[in-house]
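J.: Protein sequence lines correspond, in order, to chains G and A. Letter by letter, the first sequence follows residues 1 to 196 in the numbering used here. Letter by letter, the second sequence follows residues 1 to 468 in the numbering used here.
Just so you know, the hints here were simulated from the structure itself, not pulled from any lab data. For each residue, glycine too, the CB sits at the ideal point set by N, CA and C. There could be a bad hint or two in this list.
[As the list claims (entries may be wrong)] Per the computed footprint, the stretches of chain G lying under chain A, defined by three or more beta-carbons under 8 Å from a beta-carbon of chain A, are: (1) 68 to 75; (2) 98 to 105; (3) 134 to 142; (4) 166 to 173; (5) 176 to 188.
[Unchecked claim] Derived lysine-lysine pairs resembling PhoX-like cross-links, with alpha carbons at most 25 Å apart: (6) A:Lys247 to G:Lys193; (7) A:Lys8 to A:Lys163; (8) A:Lys373 to A:Lys394; (9) A:Lys8 to G:Lys193; (10) G:Lys5 to A:Lys254; (11) A:Lys8 to A:Lys334; (12) G:Lys160 to A:Lys8; (13) G:Lys160 to A:Lys162; (14) G:Lys44 to G:Lys60; (15) G:Lys90 to G:Lys193; (16) G:Lys90 to G:Lys44; (17) G:Lys193 to A:Lys373; (18) A:Lys191 to A:Lys165; (19) G:Lys193 to A:Lys252; (20) G:Lys193 to A:Lys464; (21) A:Lys394 to G:Lys160; (22) A:Lys367 to A:Lys394.
[Stated by the list, open to error] Label pairs and their in silico Cβ distance ranges: (23) A:Ser213 to G:Asp138: 31 to 39 Å; (24) A:Ser213 to G:Glu165: 48 to 56 Å; (25) G:Ala45 to A:Thr330: 19 to 27 Å; (26) G:His7 to A:Asp271: 45 to 53 Å; (27) A:Lys162 to G:His185: 42 to 50 Å; (28) A:Arg317 to G:Ala133: 27 to 35 Å; (29) G:Leu177 to A:Glu93: 20 to 28 Å; (30) A:Leu385 to G:Thr8: 32 to 40 Å; (31) A:Ala270 to G:Arg47: 51 to 59 Å; (32) G:Asn55 to A:Gly246: 54 to 62 Å; (33) A:Gly332 to G:Gly166: 54 to 62 Å.
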Amino acid sequence: MEAFKTHTGIGAPLRRSNVDTDQIIPAEYLKRITRHGYEDGLFKAWRDDESFVMNHPIYKNATVLVAGAEFGTGSSREHAVWALMDYGFKVVISPRFADIFRGNSGKGGLLTAQVSDEVTEQLWAYLEQSPGAEITVDLPTQTITAGAISASFEIDPYVKWRLVEGLDDIGITMQQLEQITSFEHSRAAWRPKTLS
Amino acid sequence: MAKTLSEKVWDAHVVAQGEGDTPDLLYVDLHLIHEVTSPQAFDGLRAAGRKVRRPDLTVATEDHNVPTLNIDKPIADPISRAQVEALRTNCDEFGVPRYSLGHAEQGIVHVVGPQTGLTQPGMTIVCGDSHTSTHGAFGALAFGIGTSEVEHVLATQTLPLKKFKTMAVTVNNQLPAGVTAKDLILTIIAKIGTGGGQGYVLEYRGEAVRNLSMEGRMTMCNMSIEGGARAGMIAPDETTFAYIQGKDRAPKGKDWDEAVAYWRTLPTDADAKFDHEVILDASTLSPFVTWGTNPGQGVPLSAVVPDPADFSDPVERTAAERALVYMDLTPGTKLKDIFVDTVFLGSCTNGRIEDLRAAASIIEGNKLANNLKMIVVPGSARVRLQAESEGLDKVFVAAGAEWRNAGCSMCLGMNPDKLSSGERAASTSNRNFEGRQGPGGRTHLVSPQVAAATALLGHLAEPKDLGM
Ligand code: SF4
């Protein structure tokens with residue numbers, strides 16, 4: 001996984017709360033068996049609506065999404081993270097993320113920066129006033145800067161460490177194989193098995 | 001130290017304790033997989049030259065994509081077929097057992113675990129599917145994971161995780177007659193909100209919960225995720241043990257005694273502390289339905305469509321305004337005056353035998369309302385066989401409903417069973433998101449009893465409205 005330090009890119013204001021994973025990418029895209037190429041499904045239903053903010057050509061190269069609270073609720077589909085990343089997003093900023101979505105993001109390398117409702121509102125106002133403006137997100141110092149706005153964001157410290165170092169989870173766990181094996185020896189024999 | 005149920009299960013599965021910001025490494029007792037969230041995980045294993053560590057703790061089923069008609073023919077949609085075929089090839093290559101279309105255990109992943117006896121108290125259970133919370137009804141710590149985590153569990157049988165916070169949802173007194181587990185959980189979600197459970201494991205307890213059957217408990221735990229929670233749990237008791245005993249994968253003989261003795265130690269200690277508690281009085285509840293486009297937007301069936309202007313929270317107000325446009329509803333309309341085109345009885349929330357029985361008992365001897373379509377989709381092939389042995393299929397068919405094969409079906413727009421744009425459904429599933437049941441489709445979440453009464457009257461209704 002690529003290490004994440006600082007990122008600067010065009011911010012897209014998505015003034016909606018409860019953006020669930022069905023909105024981020026509809027179920028029909030889940031039929032694919034590949035890991036890339038989901039950008040065409042991102043916000044599919046909304047993109048058919050001309051007035052939808054992301055349809056503005058200025059956001060074609062947006063990399064920082066500023067969304068309302070409860071972003072990523074709903075199904076556990078990791079495709080939601082892939083679709084955002086395939087589109088080019090590196091960071092999502094929101095006052096609250098759904099747990100599974102946040103977990104999936106950390107694994108995929110998408111930064112979820114949690115800020116207050118006020119900061120979200122400020123960022124929206126700024127981006128709407130200056131469409132195409134850039135936002136800088138610095139992970140080591142956990143700060144967001146955009147125009148005159150400077151705010152800190154929250155992120156789980158462990159996820160932060162992994163992102164900053166660019167480490168993948170399976171590799172880390174593989175170093176603990178001995179402990180896993182010894183745990184398995186101590187498990188009760190009556191625990192169910194799927195193969196007999 | 002006094003512990004809650006979820007803390008006991010967690011602590012019993014810690015392979016390596018995390019320090020500071022490092023998560024615990026948690027052992028996984030059962031890994032359920034299906035065709036949608038696993039192909040990329042198997043690809044990852046292949047690319048890294050890794051094996052499935054414990055195929056004997058892993059099992060696959062086909063559910064999201066499968067058609068519920070003509071299952072003896074190849075799947076018509078080439079993309080769905082490719083995904084199901086990828087699952088079969090992956091399982092066979094990595095030695096993972098699978099319940100494919102046509103197998104007696106095939107069905108929705110969260111119906112399969114409990115019916116085979118694989119779901120037991122005190123286990124950790126994961127699946128690349130958010131409704132894995134269903135299995136918490138047995139006192140297991142069960143939660144949904146993403147595809148990268150699926151790969152992680154396949155490779156290591158563990159997951160690095162931070163401990164969840166605990167919330168008690170205490171439901172005192174008894175549910176009135178005609179009020180079900182579905183009404184109870186919809187009421188809870190409306191109360192705590194779709195984000196209210198975030199970061200928490202919910203433990204449902206109190207008299208009303210104790211009195212629920214295992215299937216009712218599964219309905220409740222299933223929808224914990226709609227309240228934002230990672231998992232829902234109910235302490236195992238005699239009802240739990242009786243349900244498991246004799247199932248294929250249940251412990252037998254001396255093992256059974258040992259297992260039950262262990263399971264009895266799991267309930268939350270009397271002096272254990274929860275991070276948060278919500279209390280409800282079951283006796284005040286009534287059938288509950290959703291009017292909006294998230295599962296928290298619900299009201300009692302006897303109420304009217306709310307007016308967004310009455311919401312004090314501006315975020316909720318905007319959400320309500322949008323939802324009413326999408327749902328094509330006007331504030332003040334009686335819920336019971338809303339007519340539907342389709343009734344869907346099924347899903348991992350309400351596709352079990354008791355759900356089918358409850359609906360059949362209302363429908364028996366009656367006819368569906370004019371121009372209304374009802375599809376009945378058993379949660380698994382086994383549920384279907386059981387229902388047929390009781391003659392329930394005949395009841396539904398005689399009324400004019402369609403009797404289908406097992407799968408997720410109209411719960412999500414991913415297989416041939418979909419709502420058309422503008423169509424309105426009363427659905428026993430768990431999500432009423434925009435387009436969830438098909439692009440432009442409108443969903444009202446209901447209990448099987450309300451679904452059945454609605455199917456007969458054509459508008460949202462409860463059995464009482466039929467004089468039952
Ligand atoms: S029935 Fe619906 S909620 Fe349950 S697993 Fe299938 S798609 Fe998911």
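J.: Per the hint of 31 to 39 Å, is the separation of the Cβ atoms of Ser213 (chain A) and Asp138 (chain G) within bounds?
T.: violated (54 Å)
J.: Return holds or violated for the Cβ distance of Ser213 (chain A) and Glu165 (chain G) against the range 48 to 56 Å.
T.: holds (49 Å)
J.: Counting residues of the segment 68 to 75 of chain G with a beta carbon closer than 8 Å to any beta carbon of chain A, are there 3 or more?
T.: holds (count 6)
J.: In terms of beta carbon proximity below 8 Å, does the segment 134 to 142 of chain G have 3 or more residues touching chain A?
T.: Result for this restraint: violated, n = 0.
J.: Sort out whether Lys160 (chain G) lies within 25 Å of Lys394 (chain A), counting only the CA atoms.
T.: Measuring from Cα to Cα gives roughly 57 Å; hence the hint is violated.
J.: Assuming the hint says 32 to 40 Å, is it satisfied by the Cβ distance from Leu385 (chain A) to Thr8 (chain G) or not?
T.: Since Leu385 (chain A) and Thr8 (chain G) have Cβ atoms about 60 Å apart, the given range 32 to 40 Å is violated.
J.: Just to be careful, I want the Cα atoms of Lys193 (chain G) and Lys252 (chain A) compared with a cutoff of 25 Å; is the pair within it?
T.: holds (13 Å)
J.: If you check the beta carbons of Arg317 (chain A) and Ala133 (chain G), does the distance land in 27 to 35 Å?
T.: holds (29 Å)
J.: Between the alpha carbons of Lys367 (chain A) and Lys394 (chain A), is the straight-line distance 25 Å or under?
T.: Distance of about 12 Å is within 25 Å: holds.
J.: Holds or violated: Lys191 (chain A) and Lys165 (chain A), Cα atoms, limit 25 Å.
T.: holds (19 Å)
J.: Does Lys373 (chain A) lie within 25 Å of Lys193 (chain G) when you go C-alpha to C-alpha?
T.: violated (41 Å)
J.: Quick check: do three or more residues in the segment 98 to 105 of chain G have a beta carbon closer than 8 Å to a beta carbon of chain A?
T.: Coverage by chain A holds for the segment 98 to 105 of chain G (5 residues, Cβ < 8 Å).
When held up to the earlier numbered hints, the structure conflicts with 3, 10, 11, 12, 15, 17, 20, 21, 23, 27, 30 and fits the remainder.
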